[in-house]
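Q: Protein sequence lines correspond, in order, to chains A, B and C.
Each number in the working numbering corresponds to the 1-based position in the first sequence with 838 added.
Each number in the working numbering corresponds to the 1-based position in the second sequence with 40 added.
Each number in the working numbering corresponds to the 1-based position in the third sequence with 36 added.
Think of the hints as simulated: they come from the structure by calculation, not from any bench.
Treat the numbers as computed from the prediction; the structure is a model and nothing was measured.
Note that CB positions come from ideal geometry on N, CA and C, so glycine has one too.
Be aware that one or more of the hints could be misleading.
[Said to hold, decoys possible] Pair by pair, the computed Cβ-Cβ distance ranges are:
hint	chain 1	residue 1	chain 2	residue 2	range
1	B	Ser120	C	Gln92	38 to 48 Å
2	A	Glu963	C	Glu77	21 to 31 Å
3	C	Asp93	A	Lys1088	32 to 42 Å
4	A	Val973	B	Gly178	34 to 44 Å
5	B	Val185	C	Asp91	12 to 22 Å
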Amino acid sequence: MRFLVFVLALLLAACGKEPLVHSQSYVFGTLVDISIYGESEARAHQVSNEIFQDFQKLHHQYHAWQKGSELYELNEAFSQGKSIQVKPELREMLEEATSLSKQSNGLFNPAIGGLIHAWGFQRDEFTPIDIQPEVIKNLVNANPVMLDIVMDGDKVRSKNPAVQLDLGGYAKGYALDKAAEKLHQLGIKNALVNIGGNIIAIGQHGDHPWRVGIQHPRQPQPMATLELLDGWAIGTSGDYQRYFIDSDGKRYCHIIDPRTGYPVQHTQAVTVLIPPQKHAGVISDVASKPIFISEPKNRDAAAKAMGVENYLVVDNAGISVSPAMKKRIHWLNQSKSEPETK
Amino acid sequence: MKTLKIHTTEDDHRIAKLAALAIGLHLIEAVVPSPLPGVKPGIANIVTLYVLYRFDFATAAWVSLLRVFASSLLFGNFLSPTFALSLSGAVLSLLALCLAQYLPKRYFGPVSLSIFAALAHMVGQLLLVRFWLIPHAGVAYLIPVFMVAALLFGLLNGLITSALLKKA
Amino acid sequence: MKSAYFKRLLPGDYLVVLLGLLLVVYLFKTLWHGEHAAKLEIRQGDQVFATLSLDQDRVIQVVGPLGTSKIEIKQGKVRFLSSPCSNQYCVHQGWLHHVGQAAICLPNRVSLELLGAKKAYDSLNY
């Protein structure tokens, strides 16, 4: 009799299997995956689907170039000098984006939607465009900045019609924070949410922390891994995610230097690691941009301005890692080798 | 009808005897299984090496190549992949020996030459496998293992050859 | 008995043995750097489209919102042979053959990932 119970217990334990449920979906114009540990498969799928749907909503609400999105309406109003009513959520986002833009000394500038459009990156697929230096110059001279936005009660307008908001470098981080909030609300203790490379961790993977792989900018594989502890977030900006290569073989990526109006050419990828804090997700999205855009000698200062201690940069000269980041990163063999260009 | 007389010299006899010995060793080796069929440690190389020391490179080359061709004819796998492997191994190890024989004999004995020959032999066989017989990316994982075996057998063969030379 | 053997080794021989060992170590280090992937997982949209072995050469067609992406398995490696997207990032990724390597066609929602026994990480920050 006892033997039977023992066998049964063994079988039941075997049926339990690894309580990790991994769901993927294409939302937000990218691949999103959610790993939930320690919940039943049904619950995990239910929660994941709810979050995917939240993302879809956010994606449509704050889409920079889709007619009907709240952001699109706002941009229309801006270009016509009109004042428009905005929902509290968008208002909060504008306030936060403005504060972050100031913090980054203008390197993070969501108001340059016009430039992004001119370079053809406000599309789903990217083909080389006919670069018109005059157009670029004019857009840069128009100098659209977040400070041009005036908020009057629940109405918003822009002093500068050239302000066109593109929350591309902010929205994913925002969605990440919202997802983390919801997961906590729903009582999920251990999860990992990855929105196209922006990842936030809740709890851990069973008995060990969540592990995240960092993609090599030029090879189809990770070059390093690191542990993402409870509440930490990680984000990467890369020239390999959205780009086109023109007839001369030159690469133009989607990260544009607001000062010159041209895509950054001297950096391949920047990864930042953000400790637990309110809006860790947003910071993980935003903070990599100023570092990406800065000249190599100014990177440290740019990181400091954003309060980032842990970051990694890959450029044509190789891979550089901040001292704090060095302790956390585990290199995968063969990657700390030659820098690659193209 | 005139009978055709082929005049054989003492050298020819010697080469024939040695080749026969090499074939015999090759036969023994053929019985040993290997994960990559046909890739063998090459104990017949002991004969090649011995001949190189006792006579000259030309004789050694004859013995070695005769062994490859005659063995394959005897075993019925002439022009088969096995033959190709045998040949590629033999050719590369002969090349290595041709170069290595000029190493100062005071410092480099049969063991050195044997190791060079064995490693070259294995490289020859692995090249053939990787690019013709089993062009699978997974072969890369077997290469280090086979090279270790080649190193080991090279050492052993060298020691054995050394012992034989001392005796003679 | 052993010493008799070692007498046969000249100084140069020791050097050659050492070099041989170094060579072998080098080979292990360079060629054994990744677990050779045995399985490929192809995902289309939210679903796993197929889990395949890499040992059989073939071309697989996966239909996504933009059209058909062709995936080629050859000699233990896999790659995007062609895809209907305009940027062709996926095709440019080239051949994958280690565990953990992945390629993705975002517009057509097709992803390739090489699976092995253990995974080095839970999610990829790309």
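Q: Going through the earlier hints one by one, which of them does the structure break, listed in rising order?
A: 1 and 4
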